[in-house]
Amino acid sequence: MKILVPVKRVVDYNVKVRVAADGSGVETQGLKMSLNPFDEIAVEEAIRLREKGVATEVVVVTIGVQAAQDILRTSMAMGADRAILVKTDDTLEPRAVANALKAIVEREQPGLVCMGKQAIDDDMNATGQILAAKLGWPQGTFASAVTVADGRIEVAREIDGGTEVVSLALPAVVTADLRLNEPRYASLPNIMKARKKPLETLEATDLGVDLASRLTIVSVAEPTERKEGIKLGSAAELVEKLKTEAKVI
Amino acid sequence: MTALVLLEVENGEVRQASRSALTAAARFGDVDAIVFGEGASAAAALPGVKRVLSVPALATDLAEPAADLLASIAKDYSHILASASASGKNILPRLAGLLDVQPVPDVVEIKDAETFVRPIYAGNALATVRSADSIKVLTIRSSSFDPAPKDGGSAAVETLEAPASEKSVFVKVELSASDRPELESARVVISGGKGMKDAANFKLLEPIADKLNAAIGASRSAVDSGFAPNEMQVGQTGKIVAPELYIAVGLSGAIQHLAGMKDSRVIVAINTDPEAPIFRVADYGIVGDLFEVLPALEKAL
Ligand SMILES: Cc1cc2nc3c(=O)[nH]c(=O)nc-3n(C[C@H](O)[C@H](O)[C@H](O)COP(=O)(O)OP(=O)(O)OC[C@H]3O[C@@H](n4cnc5c(N)ncnc54)[C@H](O)[C@@H]3O)c2cc1C
Ligand SMILES: Nc1ncnc2c1ncn2[C@@H]1O[C@H](COP(=O)(O)O)[C@@H](O)[C@H]1O
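Protein chains in written order, with UniProt numbering: chain Z, 1 to 249; chain Y, 1 to 301.
No lab work stands behind these hints: they were computed from the structure. Hints should not be assumed to be uniformly reliable.
What the hints assert, rightly or not - Now the stretches of chain Y that chain Z is said to cover, found in silico as 3 or more residues with beta-carbon under 8 Å: (1) 19 to 27; (2) 100 to 106; (3) 147 to 158.
Stated by the list, open to error - Here are some chain Z residues pointing at chain Y (derived, C-beta under 10 Å): (4) Lys-2; (5) Asp-70; (6) Lys-227.
Said to hold, decoys possible - Ranges of calculated distance between the beta carbons of each label pair, as one might list FRET restraints: (7) Z:Lys-52 <-> Y:Glu-166: 25 to 33 Å; (8) Y:Lys-50 <-> Z:Gly-151: 43 to 51 Å; (9) Y:Asp-289 <-> Z:Glu-27: 38 to 46 Å; (10) Z:Gly-25 <-> Y:Asp-224: 28 to 36 Å; (11) Z:Gly-208 <-> Y:Asp-198: 31 to 39 Å; (12) Y:Val-171 <-> Z:Lys-231: 32 to 40 Å; (13) Y:Glu-275 <-> Z:Gly-151: 48 to 56 Å.
Glycine included, each C-beta is placed from N, C-alpha and C at the ideal position.
Please work from the sequences and hints to get the whole structure.
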């Protein structure tokens, strides 16, 4: 079985972004960019499935700018076998990304698509579900554990009240949550090896799918900042303030 | 215009987060509600619901049959909404995929029938977006909309058949039993972080939570370290809360944690490190060892 792992290049999770002065968007120029943390977990899970003998090949794919090659190399340094860059300079919405991914799925015929639950820039948490719908495949979202057996995948999912387990017929789409695994670090020799692994580049427009946006960004604003409050000397003083000043207890 | 709101029912009651989604739905005109499994009567009692579509056969909220069913009735609606809960986030984007529309997740404000505000970058920016789709598929941040009342209405109930689902099968669910209020609807939340050091210490939060009738939350590090179950995580990728009072104990206040609680009315931080970022959003801070402050706090309450 082949596993396809869609990965996205995003502003690193440690960086606090600023809103552009003209309110048109977020300043990303010059910021540190990384592999989306959830996608790193998805790559790790796919590699583990290959190491267990469940999968035979792990292919990573990103829809993005030329520079997004770096996260494909990172994924291959972790252990992915090959990579596809679907090049575009446009910022695509999940619906459009799912259309592009569907075309790649039709070409690659994976038995499983394993991806992140959420990109930490747009915070959409939607692409996996949209892709699954468009493929007519079942979905296992917010996965914290997976087991593959007899043509099915069992997925433990993080839900509001606890954990739910579903069993899906393969092929399926799984989206990774934080506790699915702890991704490995790429060793130096593996980083070197990754440079020689195959990386294919396609033009997004050559896929022949609808990449249009349905949302127009009217404006982007800073949220109202909270003011730093006061430091208190004791728990007793705190309780007093909460009762008489804040009146919350 | 008629909106359709997907309601979650738990123990015979419509979840508070769903009633917030109903408040949002009412902004668009008439509202129909849909409920899976039992719960039609609770839904019918909500004021402002015109018609309840009940699907008793869909007892588990598997996304595949749920989205198929929603897609089959979608054309009657201008807006389809659910709470931005784990269930809403599982089902609604799939519905959007079936309808070939771009969903708008985590709506915190409705400007007009097609313009919505949603946080991006862990809440460090608020994007106002206008949707060109003929059917708008939205999930609603419950912390941003007051919940609609529980009763006063008497909607008509219609029963729908459930589509089959062979590709996806429910196996089991493990829900943690708790007598405490739900995180998303509690008036007071007390959360512990990595500073709690171990799972046994995490229990130090309980007597205080008891006194304040608070829900207990956790940082990701506390969950990853096994101090608390995953459903207690507050943050960008956990629960979003905005209680009257949020007490952060031994957690640093990473961007991803702040994303889940910085809209709380009053924030208290207890941390040994005076430079911890949590103090920058806290109304009241105590720089000190939680193992001394917590027992003192319990006594003072
Ligand atoms: C993709 C992604 C998503 C994430 N989503 C979330 C999320 O939803 N929610 C979330 O919380 N995090 C999330 N994180 C993790 C986040 O970045 C931080 O790592 C995490 O919040 C840190 O948890 P913490 O504050 O408990 O631990 P730490 O940062 O280790 O802080 C522990 C704090 O305890 C204090 N302390 C230690 N001992 C004591 C004592 N005796 N008394 C008082 N104080 C003490 C220390 O001074 C320190 O400030 C996410 C990260 C990523 C990459
Ligand atoms: N441009 C992209 N290229 C490849 N994968 C993507 C892209 N955008 C999103 N994804 C995948 O979809 C997941 C969810 O993203 P989102 O729906 O934007 O939150 C991510 O974790 C990635 O696995």
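Tested hints:
Counting residues of the stretch 19 to 27 of chain Y whose C-beta sits closer than 8 Å to any C-beta of chain Z gives 0, which falls short of three, so the coverage hint is violated. Restraint check on the stretch 100 to 106 of chain Y versus chain Z: 7 residues with Cβ-Cβ distances below 8 Å, three needed, restraint holds. Only residues whose C-beta sits within less than 8 Å of a C-beta in chain Z count toward coverage, and the stretch 147 to 158 of chain Y has 0 of them, not enough to reach three; the restraint is violated. For Lys-2 of chain Z, the interface hint is violated, the least distance from its beta-carbon to any beta-carbon of chain Y being 19 Å, above 10 Å.
For Asp-70 of chain Z, the shortest C-beta to C-beta distance to chain Y is roughly 20 Å, which exceeds 10 Å, and the interface hint is violated. Interface hint at Lys-227 of chain Z: satisfied, since its Cβ lies 8 Å from the closest Cβ of chain Y, which is below the 10 Å cut-off. For the pair Lys-52 of chain Z and Glu-166 of chain Y, the beta carbons lie near 26 Å from each other, so the given range of 25 to 33 Å is met. A hinted range of 43 to 51 Å for the beta carbons of Lys-50 of chain Y and Gly-151 of chain Z is consistent with their spacing of about 44 Å.
The given range of 38 to 46 Å is respected by Asp-289 of chain Y and Glu-27 of chain Z, whose C-beta atoms sit roughly 39 Å from each other. Range check, Gly-25 of chain Z to Asp-224 of chain Y: Cβ separation about 32 Å, and the 28 to 36 Å hint holds. Separation of Gly-208 of chain Z from Asp-198 of chain Y is about 56 Å and departs from the stated range, judged on CB atoms against 31 to 39 Å. Checked against the hint of 32 to 40 Å, the C-beta distance between Val-171 of chain Y and Lys-231 of chain Z comes to roughly 50 Å, which is inconsistent with it.
Taking the beta carbon of each, Glu-275 of chain Y and Gly-151 of chain Z are about 54 Å apart, inside 48 to 56 Å as hinted.
Of the numbered hints stated above, those contradicted by the structure are hints 1, 3, 4, 5, 11 and 12, listed in ascending order.
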